[in-house]
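K.L.:
The primary structure of each chain is shown beneath.
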Amino acid sequence: MSTETTPIVEINGVSKRFGSFAAVDNVTLSIGQGEFFALLGPSGCGKTTLLRMLAGLELPTEGRLIIDGQDMSGVPANQRPVNMVFQSYAVFPHMSVLDNVGYGLKVSGVQRPEIRERAQEALALVKLGDFGQRMPDQLSGGQRQRVALARALVKRPKVLLLDEPLSALDAKLREQMRLELVNLQETVGITFVIVTHDQDEALSMASRIAVMEAGQVRQLAPPAELYEFPKTRFVADFIGSVNMFEGRVEAVEKDVIRLACPGLERPIEVEQTDTPPVGATAWAALRPEKIEISKEPPSDPTENATPGRIEEITYLGEVSIYHVRVSEALPLVKVAMANVDRVTRRPFTWEDEVYLSWTRQCGVVLDR
Amino acid sequence: MNLAALFRHREPIGPLEYTRRTWMRLTLLATFVFLYAPIVTLVAFSFNDSRRNIVWRGFSLKYYEKALANDGLIEAFVNSLTIAFVQTIIATILGALTALLLWRFRFPFRGGYEGAMALPIVIPEICMGVAMLAFFSRVGWPTDLPWPLNLSAITIAHVSFSFPFVAVVVRARLEGFNREFSEAAQDLGASEWQVFRDVMVPFMRPGLVAGALLAFTLSLDDFVITFFTSGPDTVTFPVKVYSMVRFSVTPEVNAASTVLIALTVVLTVLALWLQSRAKLKPEEVAG
Ligand SMILES: Nc1ncnc2c1ncn2[C@@H]1O[C@H](COP(=O)(O)OP(=O)(O)OP(=O)(O)O)[C@@H](O)[C@H]1O
Ligand SMILES: [Mg+2]
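Sequences listed follow chains G and R, in order.
Per the numbering used here, the first sequence starts with residue 1, numbered consecutively.
Per the numbering used here, the second sequence starts with residue 1, numbered consecutively.
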């Protein structure tokens, strides 16, 4: 949606090396005006480093950063049109909440009455209007996070950078803050770049997500596309849960791939336009919630199906995960089923002989 | 109630209740006696109405008056305070900058530099004193300057042995600093100087105050190093007391010493209090 708008941030072949180790390795991407952009990846993949380079707290070893049409090389951190919310919030302990929020304005020479007014406004924006006179140690973690947010927004930056802003909050508050962040972003219209290693967070908030691994961007797409059409096994595995079947491409007919998997009686068929060549090794990635369990084989012959035996059931509240053995050679297949009924009336139980089935439109075949 | 019952109903002594064990109490008592008996005697006899420090003859403030009237003593006292004030300011700034340098930057031989800086803390004072004496006579430091410039040699000597203490205290404080504070300030548009003034100094403040008070008391009661660096006209309080004692220990000396003890104790307590307060305050936000 936002790829057509003018980019506010352009990252051009940026690398950051610490000694010989590349924390960020030749990243190129652009972020559109008004986007809610997420950098997602496992610990140590270079997300924070990339964000810090945008803020000017770290200098790229190679490549160029352009923010709002202006080359950022040589522009120090205190003159960049971006502001950051730090992972530890870094709310100054010796200043009142109001002074914290007003600090950015104070150092850029704004007059005192205006500082007060704008800081108060920013505090109201994060629903802390009455907390101005408090000291940071009189606030809860969630409130401190809002102070950090207000403090970064008060200067009306072109881009707001957030480094794992929700990681220090408890689960309930985190969910609530996700919504609030999205609403806030829509209110202020500032581009948000958020770093997270929590896929749910990225999926629920971002308009686009860049999945990073080992300093490189593996895939950049909107949440639904990332989930339904991952490009690599890493992305498929990192976003959500997935069953992976390794096999060889047997045939490709009219956009239907036939993947012969050792251990399965029938090849897996998947409808896909972009196909690996016949004979290549590939992997079918299948989400647990897309598989159906039944006592009888499916009537539709075009559907994929395989017999199996339920070996384990994990109860997760809204869903249960059934672990099904389809072959001794393959790992257990995970199947998610909504717990429509109470557990006591589960349709299937341990040791049941069942059929797993899924349509050709489910899943993707990956060659990496 | 009879006495025997009192003893019989005593609760057994718990494993960690050291203060209820007799041998522990005796040790404690002995420690206090050895540590404080001389000081208590000194203070008590400063109020004694007698020329000699042997028999108690009744309460009097006359030796305080006498000490006040002793121009040489007063001059030495003023000298000591002047030196202490000036050297404290210099040592605090120097110590704080050293601590910042060691904390912030990485440079070759940093470990060696850090060790060398702490040397004045560990090497015997007498060696420092001799070294200072040798140094000032080698460079031909003028001794005939007017007051207060004539105190410059002592002041310099004091700075050189007290600034490492400041540096150590401030450095310890900086260890607890979360760099995200200074980065946040920078990100919000603060220049290097503004970051230093608005974030670093407030954070270091308890360390600075404690370090300064430490430097002040160290300077005020230093004898050895001062003795080697003072000229004939630049007598400090401890040196003066020493020379008075060489004739006889009069209650006048007691009175003057009591004033010094009171001053040192007050400053030390203040320093400790400031430091404990700084520790209690939650400086780190959300880990
Ligand atoms: N100053 C540094 N010196 C050396 N290596 C560093 C430095 N900063 C980061 N690294 C390394 O760079 C890699 C990426 O670090 P970064 O902080 O960007 O990870 P991250 O993706 O934010 O991880 P996390 O989710 O754990 O915060 C890590 O392997 C880290 O060890
Ligand atoms: Mg990080």
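Do not take every clue at face value.
Straight-line Cα separation of at most 25 Å, DMTMM-like style, residue types lysine to aspartate or glutamate; simulated pairs [what the hints assert, rightly or not]:
#, chain 1, residue 1, chain 2, residue 2
1, G, K106, R, E192
2, G, K254, G, E265
3, R, K62, R, D49
4, G, K158, R, E183
5, G, K158, R, E192
6, G, K106, G, D68
7, G, K295, G, D274
8, G, K106, G, E117
9, G, K106, G, E121
10, G, K158, G, E186
11, G, K106, R, D49
12, G, K158, G, D68
Here are some chain G residues the structure puts well away from chain R; computed CB gaps all over 10 Å [claimed, not checked]:
#, residue
13, K158
14, P223
15, E353
If you're looking for bench data, these hints aren't it; they were derived computationally from the structure.
Quick reminder that beta carbons are idealized off the backbone N, C-alpha and C, glycines included.
K.L.:
None of the hints should be skipped; say for each whether it holds.
P.N.:
Hints versus structure:
In summary, the hint linking G:K106 to R:E192 is supported, as the alpha carbons are separated by about 15 Å, within the 25 Å threshold. Between G:K254 and G:E265 the alpha-carbon distance is near 23 Å, which keeps this suggested pair within the 25 Å criterion. Taking the CA atoms of R:K62 and R:D49, the gap is about 7 Å. The hint holds against a cut of 25 Å. A hinted pair counts as satisfied when its Cα atoms are at most 25 Å apart, and G:K158 with R:E183 qualifies at roughly 19 Å.
Distance hint between G:K158 and R:E192 is fulfilled; the C-alpha atoms sit about 23 Å from each other, no more than 25 Å. With a CA separation close to 24 Å, the supplied pair G:K106 and G:D68 stays within the 25 Å bound. The suggested pairing of G:K295 with G:D274 is violated, with an alpha-carbon distance near 34 Å, which exceeds 25 Å. About 12 Å separates the Cα atoms of G:K106 and G:E117, which keeps this hinted pair within 25 Å; it holds.
Our distance criterion of 25 Å between C-alpha atoms is met by G:K106 and G:E121, whose separation comes to about 15 Å. Taken as a hint, the G:K158 and G:E186 pair is honoured in the structure, with Cα atoms around 14 Å apart against an allowance of 25 Å. Proximity of G:K106 to R:D49 is assessed by CA-CA distance (about 64 Å); at most 25 Å being required, the pair is judged violated. The straight-line distance between the Cα atoms of G:K158 and G:D68 is roughly 7 Å, inside the 25 Å bound, and the hint therefore holds.
Against the 10 Å criterion, G:K158 stays outside the reach of chain R, whose nearest CB is about 13 Å from its own CB. Non-interface status of G:P223 relative to chain R is upheld: no Cβ of that chain comes within 10 Å, the nearest being about 28 Å off. Listed as a non-interface residue, G:E353 keeps its Cβ farther than 10 Å from every Cβ of chain R; the least gap is roughly 51 Å.
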